[in-house]
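Chains X and Z are the protein sequences, given in the same order. Residue numbers for the first sequence follow our numbering, so the first one is 17 and each next one is one higher. Residue numbers for the second sequence follow our numbering, so the first one is 17 and each next one is one higher.
These are calculated hints, taken from the structure and not from any lab test. A couple of the hints might just be wrong.
Which copy? The list can't say, so a pair holds if one copy fits it or any two copies do.
[To be verified] Listed below are the simulated SDA-like cross-link pairs for lysine to any residue, each with C-alpha atoms no more than 25 Å apart in a straight line: (1) K153 to C219; (2) K207 to N193; (3) K236 to S83; (4) K211 to K223; (5) K71 to T263; (6) K211 to S51; (7) K153 to A204.
Residue-level listing of the chains:
Protein chains: 2
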Amino acid sequence: MKTINIIGSGNVAYHLLRAIEKSTNYKIQNVAVRSLEKPVDFIAADLMVLLEDLKPAAITLISVTDSAIAAVSEKIPYTDSLVVHTSGTTAMDVLNDKNRKGVFYPLQTFSKQKEVLFEEVPLCLEAAEPNDLNELKLLASELSNNVFEITSEQRKSLHVAAVFVSNFTNHLYAIGNEICAANNISFAILKPLIKETADKIRCLSPKDAQTGPAIRGDQKTIDAHEQFLTNPIFKEIYKLITQSIQTNV
Amino acid sequence: MKTINIIGSGNVAYHLLRAIEKSTNYKIQNVAVRSLEKPVDFIAADLMVLLEDLKPAAITLISVTDSAIAAVSEKIPYTDSLVVHTSGTTAMDVLNDKNRKGVFYPLQTFSKQKEVLFEEVPLCLEAAEPNDLNELKLLASELSNNVFEITSEQRKSLHVAAVFVSNFTNHLYAIGNEICAANNISFAILKPLIKETADKIRCLSPKDAQTGPAIRGDQKTIDAHEQFLTNPIFKEIYKLITQSIQTNV
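Pulled out of the complex, with its shape left as it was, chain X reads as follows:
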């Protein structure tokens, strides 16, 4: 069994831990947390250590807030190990030079309350050394069927795209939810539509899948919708995306 250290206890750390625990050739050696005073419910007590007490492992996964990655990697109390971060936006080279560098970015939206099929999660890998890339590929291919080599530059653009298709999309769901709630309609009535909209682009390009008043140029409906919306920022979003549908892509 190869050993893995995880540093962090957020959503990504949680799902990585779960996936690695289910693997056959890897085991979690330790999870480094900020304080042992505040136990983290999903981490077994005997796995938890402070960062300064972490012992070397085959791979160390840093899964903390982007802005803390550099400092955390500097505080790792060992050298010449393979240390990777899991961030979509952070360049590989912010990692401290005392260890070998890489990136292990799972391109998925993770919440602790929702299990995911980890074997479907795209894992975007990068490493400074070819041997280390192979190490990461071995781990990644045991956890997922979707493994990609992605440069720091590509990863940056992927992360922006991910914000649009996931974080922003979820916010549009939240707006739909608000509109339903304000009009005494169950949000459940929109769920088949949400599902089908996501499902459609499995076989159609988003361009071919586009429907609705904006792409039809149905100005009467657009005007009625804009008039209906009283929340000024929702109205602004309506106008802007309508304009974008009509002019872009």
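Please arrange chain Z on chain X, whose structure you already have, making use of the hints.
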């Protein structure tokens, strides 16, 4: 077998026709099209007629562009029948008074190139007369397991919500696609994320499901993303939805 007339040959007409053809107690009597010179490939030749030649049926479904509904309903060559439209935004009372009025609104995104599980499509019903509402319920419950009574006022708000969660969401997918294409990344890598984002709100509220730099208040990442985006309208959408996540819902 009860008879159904459909007026129109667009995406909604296509999927309604397919669903009704599969039903056991209803059959398509005729489909009224604009011109018999231009055959519509999904309509059997012997079903197609011109509007002026349409004969009365148990239910007549008008599935044309919103702005044409009033005029089309006026040209129907019979009276005292149940005539309903399938529009999300149009009030029931735009239908001509010479027939009994109702609405049969399938809340789904329809494209001819993509089959849907019609039994999951929410059907939103309204009728001026209780007997007619029952007629519509009988048809609806044979086509779908999701049948709702929705007033014209509620339907209007539902349609606005649907534009956000479906048309606008699809446009965010299109933006993701553009960003990938511009950076030599396959759009396929985003598909598990799109799927999971839609799947998540089956068990979490959109508010609880929200992740990403905006909700985390990760200004460094937000700044980097805004700088990355060169398309001015994509940049504007990024700013506006980020602001909306941080201030609303």
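Exercise. Which numbered hints does this structure break?
Worked result: Per hint list: 1, 5, 6 violated.
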